[in-house]
Structures are given as structure tokens and as C-alpha cells.
Amino acid sequence: MQRGEDEAMAALREGERVSRRAVLSILGLLGMAAAAGMSVLGVPEAALGQGTLGALQPEEKVDETLQRLFGGRAMKDGSNVIKMNIPLIAENGALVPVAVEVQSPMSPTDYVKHIYIISDKNRRPMNTRFSLTPELGVASVGTNLRLGETTDVRAIVEMSDGTLLMAKREVKVTVGGCGG
Amino acid sequence: MAQVGKVTIRVPPDIKRGDVVRIRSLVIHPMEIVQRQDGKPVDKNYLFIHQVIATYNGREILRSDTTQSISENPSFSLAFRPTEPGTFKITFLDTHGGKYEGSAEIKF
Amino acid sequence: MKPSRVLYAWLAPLLAGAIVLAWLGGEGTAQDPRSPAWQSRAIPESRGDIQEVDGKRVQIRYKAAPFSTVTQNFEQWPTYAYVDTKTYPPPGQVAMPAIEGDPKEGRKLFMNRAKAPCTACHLIQGDDVWPAGNIGPDLSTYGDRGLPDQFVFNLIYDARLFFPNTSMPPWGTAGIYKPEEIVHIVAFLKTQKGNPPFVPPSEKDPARNPFTRKLESYFGDNLDPTNNPAVVLAEGAMALWTQTGPAGKACADCHAGGPERAMQGVATKYPKYIARHGRIMSMEDFLPVHAQETTGVEMLAQSADNLHMTMLIKMQSNGMPVNVDVTSLEAKAAYERGKALFFKKVGERHHACADCHQNAPGKGADKFLGGRLLGDAEKGFTKHFPTWRTNFQVVWDIRRRMQFCMLPLGMNMLPADAPEYADLELYLTAFDQGKPMNVPGIRH
Numbered sequence: 042m043q044r045g046e047d048e049a050m051a052a053l054r055e056g057e058r059v060s061r062r063a064v065l066s067i068l069g070l071l072g073m074a075a076a077a078g079m080s081v082l083g084v085p086e087a088a089l090g091q092g093t094l095g096a097l098q099p100e101e102k103v104d105e106t107l108q109r110l111f112g113g114r115a116m117k118d119g120s121n122v123i124k125m126n127i128p129l130i131a132e133n134g135a136l137v138p139v140a141v142e143v144q145s146p147m148s149p150t151d152y153v154k155h156i157y158i159i160s161d162k163n164r165r166p167m168n169t170r171f172s173l174t175p176e177l178g179v180a181s182v183g184t185n186l187r188l189g190e191t192t193d194v195r196a197i198v199e200m201s202d203g204t205l206l207m208a209k210r211e212v213k214v215t216v217g218g219c220g221g
Numbered sequence: 762m763a764q765v766g767k768v769t770i771r772v773p774p775d776i777k778r779g780d781v782v783r784i785r786s787l788v789i790h791p792m793e794i795v796q797r798q799d800g801k802p803v804d805k806n807y808l809f810i811h812q813v814i815a816t817y818n819g820r821e822i823l824r825s826d827t828t829q830s831i832s833e834n835p836s837f838s839l840a841f842r843p844t845e846p847g848t849f850k851i852t853f854l855d856t857h858g859g860k861y862e863g864s865a866e867i868k869f
Numbered sequence: 002m003k004p005s006r007v008l009y010a011w012l013a014p015l016l017a018g019a020i021v022l023a024w025l026g027g028e029g030t031a032q033d034p035r036s037p038a039w040q041s042r043a044i045p046e047s048r049g050d051i052q053e054v055d056g057k058r059v060q061i062r063y064k065a066a067p068f069s070t071v072t073q074n075f076e077q078w079p080t081y082a083y084v085d086t087k088t089y090p091p092p093g094q095v096a097m098p099a100i101e102g103d104p105k106e107g108r109k110l111f112m113n114r115a116k117a118p119c120t121a122c123h124l125i126q127g128d129d130v131w132p133a134g135n136i137g138p139d140l141s142t143y144g145d146r147g148l149p150d151q152f153v154f155n156l157i158y159d160a161r162l163f164f165p166n167t168s169m170p171p172w173g174t175a176g177i178y179k180p181e182e183i184v185h186i187v188a189f190l191k192t193q194k195g196n197p198p199f200v201p202p203s204e205k206d207p208a209r210n211p212f213t214r215k216l217e218s219y220f221g222d223n224l225d226p227t228n229n230p231a232v233v234l235a236e237g238a239m240a241l242w243t244q245t246g247p248a249g250k251a252c253a254d255c256h257a258g259g260p261e262r263a264m265q266g267v268a269t270k271y272p273k274y275i276a277r278h279g280r281i282m283s284m285e286d287f288l289p290v291h292a293q294e295t296t297g298v299e300m301l302a303q304s305a306d307n308l309h310m311t312m313l314i315k316m317q318s319n320g321m322p323v324n325v326d327v328t329s330l331e332a333k334a335a336y337e338r339g340k341a342l343f344f345k346k347v348g349e350r351h352h353a354c355a356d357c358h359q360n361a362p363g364k365g366a367d368k369f370l371g372g373r374l375l376g377d378a379e380k381g382f383t384k385h386f387p388t389w390r391t392n393f394q395v396v397w398d399i400r401r402r403m404q405f406c407m408l409p410l411g412m413n414m415l416p417a418d419a420p421e422y423a424d425l426e427l428y429l430t431a432f433d434q435g436k437p438m439n440v441p442g443i444r445h
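Chains as they are written, first to last, in the working numbering: chain A, 42 to 221; chain B, 762 to 869; chain C, 2 to 445.
Rather than coming from a laboratory, the hints here were simulated on the basis of the structure. Where is the CB? At the ideal position from N, CA and C, for every residue including glycine. Hints may contain errors.
Claimed, not checked - Here are the computed lysine-lysine pairs in the DSBU-like style, where the Cα-Cα straight-line distance is at most 35 Å:
| # | chain 1 | residue 1 | chain 2 | residue 2 |
| --- | --- | --- | --- | --- |
| 1 | B | Lys767 | C | Lys270 |
| 2 | A | Lys213 | B | Lys801 |
| 3 | A | Lys213 | C | Lys191 |
| 4 | C | Lys270 | C | Lys64 |
| 5 | B | Lys805 | A | Lys162 |
| 6 | C | Lys215 | A | Lys213 |
| 7 | B | Lys805 | A | Lys154 |
| 8 | B | Lys767 | B | Lys777 |
| 9 | A | Lys102 | C | Lys250 |
| 10 | C | Lys270 | A | Lys213 |
| 11 | A | Lys213 | C | Lys105 |
| 12 | B | Lys860 | A | Lys124 |
| 13 | A | Lys154 | B | Lys860 |
| 14 | A | Lys209 | A | Lys117 |
| 15 | A | Lys213 | C | Lys436 |
| 16 | C | Lys191 | C | Lys109 |
| 17 | A | Lys213 | C | Lys368 |
| 18 | A | Lys213 | C | Lys364 |
| 19 | A | Lys102 | C | Lys109 |
| 20 | C | Lys64 | B | Lys767 |
| 21 | C | Lys364 | C | Lys436 |
| 22 | B | Lys777 | A | Lys213 |
| 23 | C | Lys105 | A | Lys124 |
| 24 | A | Lys213 | C | Lys179 |
| 25 | C | Lys191 | C | Lys215 |
| 26 | A | Lys102 | C | Lys270 |
| 27 | B | Lys868 | B | Lys850 |
| 28 | B | Lys777 | A | Lys124 |
| 29 | C | Lys105 | C | Lys116 |
| 30 | A | Lys102 | C | Lys364 |
| 31 | A | Lys124 | B | Lys868 |
To be verified - For each label pair, taking beta carbons as the anchor points, the in silico distance ranges come out as:
| # | chain 1 | residue 1 | chain 2 | residue 2 | range |
| --- | --- | --- | --- | --- | --- |
| 32 | B | Gly847 | C | Phe212 | 50 to 58 Å |
| 33 | C | Asp254 | B | Gly800 | 50 to 58 Å |
| 34 | A | Gly189 | C | Asn166 | 36 to 44 Å |
| 35 | C | Val54 | B | Glu821 | 49 to 57 Å |
With these hints in hand, go ahead and build the complete structure from the sequences.
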């Protein structure tokens with residue numbers, strides 16, 4: 042995965058007018074190519090820093106998001122090592138606190154590399170991707186999510202050896218009401 | 762909005778070597794959401810924080826690639842076990858080139 | 002005890018009203034909700050002005066959500082204004098239209114958010130019912146009661162016919178539901194049956210059912226500036242404190258020792274009667290007049306400066322007990338006026354604050370209105386104002402809260418600094434007497 046990414050990145054940086062098709066043919070795998078050469082936001086890497094960082098991204102269904110980010114790689118149930126703290130009922134979708142803690146030695150050879158937070162029903166399901174380092178010593182992060190409606194929220198953990206683990210929770214979102 | 766880019770950080774006092782420290786930070790920022798006109802999403806360069814970088818003594822320890830699906834005035838927290846005293850710094854980068862920073866000292 | 006002063010205390014609003022009616026009578030519009038005794042010092046979009054726009058009378062309101070979601074002008078319905086002499090129509094009754102009731106249409110109408118929805122107060126069957134409330138009776142097996150159609154029709158049309166003190170809006174009398182629509186709802190309710198009778202389907206999700214739903218509190222530490230942006234904004238008001246205003250003075254010039262020393266304990270006494278202005282005033286009411294006449298700084302009610310400075314001042318009393326005066330002559334009279342407002346039925350839907358915020362049979366305190374858990378006024382819910390509203394990422398003081406409460410329920414708002422709101426605030430604050438202040442709050 043890493044080598045494919047590097048090749049595609051090199052091609053783009055050299056200023057070759059490498060079309061996305063060309064990238065696909067280099068790598069030969071649609072799934073991998075979709076992940077390579079694109080930032081995790083889904084913005085072409087070449088576009089970064091050229092004032093289009095905030096450009097409108099197309100709506101994505103969660104299956105497309107998962108395919109783009111993980112290319113169909115196997116995902117194991119991580120509920121025995123991932124602790125997800127998120128309310129069952131959110132009073133609004135504007136601010137839903139989430140905290141994710143992963144049991145891990147966080148050693149240089151065995152650590153949590155990424156934690157993805159994904160909300161299935163959002164217009165673009167990926168809320169954020171945390172990238173951790175062994176220096177943290179522990180894997181425990183948190184932030185505030187925007188949820189468009191009642192949805193499953195997933196915490197997908199990528200370990201340093203490439204293993205993918207997932208935990209998820211349904212969050213019921215309360216919308217509107219005469220209280221505002 | 763007043764004070765856009767203002768960063769607050771909280772690091773607990775009285776840290777002993779080996780402790781796991783809970784650090785929390787908030788930045789005042791609009792985190793613009795996708796607007797709609799006549800039911801269709803508007804194409805424009807939205808203003809939101811797209812990256813958060815936390816460093817300790819100059820070394821990156823945590824990064825967060827963020828999107829419009831993170832709340833306005835976002836707050837981030839992390840757990841950290843420092844092995845030496847030093848400076849914790851957090852940097853928020855937004856899509857219009859904004860860069861907002863805050864730092865806190867950790868002493869044993 | 003001076004009898005003449007006692008007389009003045011309760012006569013004043015009536016006199017003011019009489020004077021205004023005489024004054025307005027000549028103008029032909031007795032709908033102005035603003036007290037003639039008080040010139041509003043609120044920002045323009047907070048004054049409740051009514052203007053003609055494209056030939057229609059509209060009330061000018063705040064541009065931001067949620068105010069932007071209510072554009073209807075409700076000026077024909079009673080408000081809290083002391084000069085408002087409008088009365089609500091008496092209980093109404095019409096013959097049930099002889100059309101076939103459609104249960105499917107009835108269910109859609111029952112859950113229609115633009116109308117009510119009925120599910121705000123009543124639970125019905127269905128996995129898609131999210132979120133129903135429990136202020137009204139559970140209607141999941143209403144059809145098993147075998148009640149006559151005309152009776153159910155009359156009840157929905159105007160529940161006051163059977164329950165004079167009901168919280169249920171007079172849907173038909175108010176014109177919110179048309180008689181034909183009520184026929185469909187009656188047909189729908191007949192389908193709500195149990196198996197066996199009166200036994201609803203077993204609940205798969207305890208959150209769906211408001212009688213078993215548990216709402217966790219999760220917004221965290223309200224005084225932590227890395228959690229509550231309102232604290233950051235309040236601390237930003239320090240710059241205003243030392244800023245020299247147009248009159249050549251700053252707050253700091255008279256109030257020595259910074260807010261921590263000068264304002265310690267001050268907010269615990271608000272809202273209070275201020276003789277110079279002849280009315281009850283909250284901190285937010287007082288700042289515009291006080292700042293203007295001392296430093297020359299405009300600190301209009303509902304302006305950012307006003308809200309942030311109010312928070313900064315109130316924070317200096319955090320942990321100290323609320324200590325409002327309700328025993329002196331003027332304060333006692335204001336308290337009684339506020340209490341009367343709390344129980345006054347107002348707006349298109351004929352609601353009183355008590356309908357939602359009193360803990361009594363058929364009233365809503367500690368129950369769900371849709372997905373919203375309603376506060377109990379008697380438990381005290383004022384000492385965290387101004388509060389951060391996470392849903393809108395803004396600061397709301399209690400006046401903004403009052404302005405939006407009844408607005409979607411069919412009543413025009415008064416100006417934020419209206420004396421009526423101040424009297425009501427005094428009544429509500431009294432329930433927090435002795436409890437520690439804790440500003441700013443953080444809420445949905």
C-alpha cells in the first residue's frame with residue numbers, strides 16, 4: 042500500500058500531467074488508486090496549498106468512504122480493545138463529544154497508527170482521522186462531532202502492522218423542537 | 762466572529778514522571794458547513810480547520826486531519842505520558858491559510 | 002407601610018395601560034406589545050418591532066437560527082405585555098365533517114412537525130416514532146377505549162371543553178388543524194390498539210419510549226475554557242472593562258480592583274428594583290443605561306458587548322448564593338406580576354409557562370416535550386444564565402430564551418429588556434434563592 046502511494050505521489054509531484062486513469066493503470070487496482078494520490082479528505086494531493094482546500098467535496102455514501110480509505114481490506118471487530126465514549130442520545134447534532142481509547146503498548150513496533158471517526162449518515166462520513174505516535178505512550182483521543190441525523194458512528198483503528206479494528210455505536214440525534 | 766483563532770489549552774498541574782496527562786485544547790473558529798442554495802450545495806472555498814498538529818519539544822506526537830463534520834469552536838483532547846519535561850504545542854491550520862497556536866509547559 | 006405606595010405598585014401598570022390605550026386609540030393599532038413606560042435599549046432586531054413589508058405586517062426578529070425559522074406574525078394572539086388586553090377565544094365546538102377518515106393521513110398529520118406534532122406530547126406505536134414526549138397520556142392503545150368519534154373530535158378541536166385547565170392547545174379553535182384533518186386523526190387513533198387490548202407492542206428500544214428514556218448529561222465542565230467557548234468570550238470582555246469610552250471614562254475608573262474585587266457578589270442581587278428607572282432590572286437591562294450615562298459606551302441589550310460583560314460580571318459571583326429581594330414593596334409587587342405571567346395563557350396555542358415548567362398533573366416539568374426534557378421552574382433554572390447554546394454556538398441570556406420559548410408556539414416576542422420579562426425573571430430567580438451561581442452554563 043505504501044509503495045503504491047509513493048509511486049502515485051511521485052508521478053503527481055513531478056508535474057507530469059498524469060491523469061487519474063494513468064494512476065489507476067500504474068497501480069492496477071481501483072481501490073488502492075482511489076486511496077493513493079488523494080488526501081484523506083478526498084482532495085487530490087496536488088491541489089493542496091492551491092486555495093482549494095475548502096472546496097466543496099462530493100457527497101459520499103459510507104460504503105464509498107470505506108472503500109476509498111481502506112480499499113476493501115479486512116476489518117476485525119475491535120470492541121474488546123476499543124473503548125468508545127459517545128452519548129446514546131444527542132440533544133443536537135451540532136456538538137456530539139466522542140472519546141476513543143485503544144488498549145495498546147504504544148511501543149515503536151506495536152502502536153496505534155490511525156483512529157478514524159466515521160459517521161455513516163453524514164454527507165461525507167469521515168469526521169476526522171487521528172494519526173498517533175508511540176511517543177504518546179497511550180492511545181486516547183477525543184473531539185466534538187457534527188452529526189446530520191441519527192446514525193452509526195464508527196471508530197476504525199489502524200495498527201502499525203496494518204491491522205484494522207472497528208467499534209461502533211448508534212447515536213440518536215434529536216432535531217429541532219420549540220426550545221430551539 | 763470575535764476572537765477567531767483564540768486558542769485555549771488545559772494541562773493539569775502537579776505532573777509526576779510516568780503520569781498519563783489529559784490535555785485539552787479549544788480554538789474559536791466558525792468551521793463553516795456546506796451551504797445550500799435552492800436545495801443544492803454551494804461550491805465555494807469553505808473556511809474550516811483541516812489539520813491539528815500537536816508537538817512536544819518540537820516533535821509531532823499527534824495529528825488530526827479534520828473536516829466540516831467537526832463542530833464549530835472545536836475542542837480536542839489527548840492523553841499523553843511525557844518522559845521528559847518540556848513544551849506542548851498545538852497548531853490549528855485552516856483552509857484559508859489561517860494558523861493558530863497555543864502552548865503549555867509540562868514540568869515534573 | 003404607606004398605603005399610597007401600595008396602591009401605586011399595582012395600579013401603575015393599569016394606569017400605564019390606560020394611558021397607552023388612550024394614546025394608541027387615536028392611531029388605530031392597539032397591537033404594539035411594548036410597554037409605554039420603558040424605551041427599549043435593545044439592538045434593533047431584539048425590539049419586537051412590527052413593520053409593513055411588501056404590504057404585510059411582519060415582526061422584526063433576530064436573523065440567526067432558530068429565530069429565522071419562525072417568520073409568522075402572531076400579533077392577533079395575547080402576549081405577556083401589560084398593555085395587552087386581547088383575550089383568547091372561548092372553547093369552540095363544530096360538527097364533525099361527514100367525510101371518511103383516513104388513518105394513514107391521520108398518522109402523517111399526527112407526526113407533522115409543522116403543525117404540532119402531536120407526538121411532542123403523546124406516544125404512539127411505531128419504530129419510526131422518534132422522539133415522542135410524555136406530557137400527555139400515552140395514546141399507543143387509545144383505540145381500545147372505544148370512545149365515540151364525535152367525542153374524540155371535540156377533544157382534539159378544543160380540549161378545554163372537557164379539561165378547563167388543559168395544556169393541550171385548542172387545535173380547531175386556533176385554526177391550526179382544519180376540521181377535515183381532525184377527522185383523519187380520529188380515524189388514526191382508532192387504529193392504535195394493543196394485543197391483547199390495552200397492551201402495546203413490547204418496546205425494543207428504551208430510548209424510543211419517553212417513559213423509560215434516559216438522557217445523559219454530556220456537555221462537560223461549563224467553567225473550563227477548553228470546553229465552553231462562552232468562558233473565552235467572557236474573559237474577552239476584560240478589554241471592555243478597561244477601555245475608555247466616549248465620555249472619557251472606563252468601567253475600571255469607578256470600579257477599582259478589577260471585576261474580581263469590584264463585582265464580587267454584585268450579580269447575586271439581580272434582577273432587582275431600581276428606583277431611578279421604576280422597574281425591575283437584570284444585569285443585561287442595567288448595563289445599557291449605566292454604561293451610557295457613565296462611560297458613554299453603548300451596551301445595548303442583546304449586543305455581544307452586553308452579553309459578554311454580563312457573563313464577566315456574573316462570573317465574579319460564582320459559588321455565591323443567589324440573593325434577590327422579593328420582600329420590599331416594589332419587589333414583592335413585581336414578583337406577583339411575574340407569577341401571574343408564569344400562569345397566563347398566551348399565544349396561538351393558549352400556553353402558559355406553567356404548562357411546560359410546572360410539576361403538576363398534566364404539566365410538563367421533568368417530562369419530555371418531543372426529545373426535550375423540560376425544566377422545573379420550582380427547582381430553579383436561572384443561575385446558569387447567560388449560557389452557551391451548543392446547538393447554535395452562541396451565548397443566550399434568559400431574555401433570549403424567553404423570546405424564543407413561545408415564538409414557535411404562536412406568540413410574538415417582546416423586546417429583550419421588556420419590564421414584563423424582568424418581572425417574570427424575578428419570579429423565576431426566586432426559586433434559586435440561596436443556590437450557588439454558576440455562570441456561564443453550557444447547554445443544548
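query: Which of the numbered hints above does this structure break?
result: 9, 10, 22, 23, 26, 30
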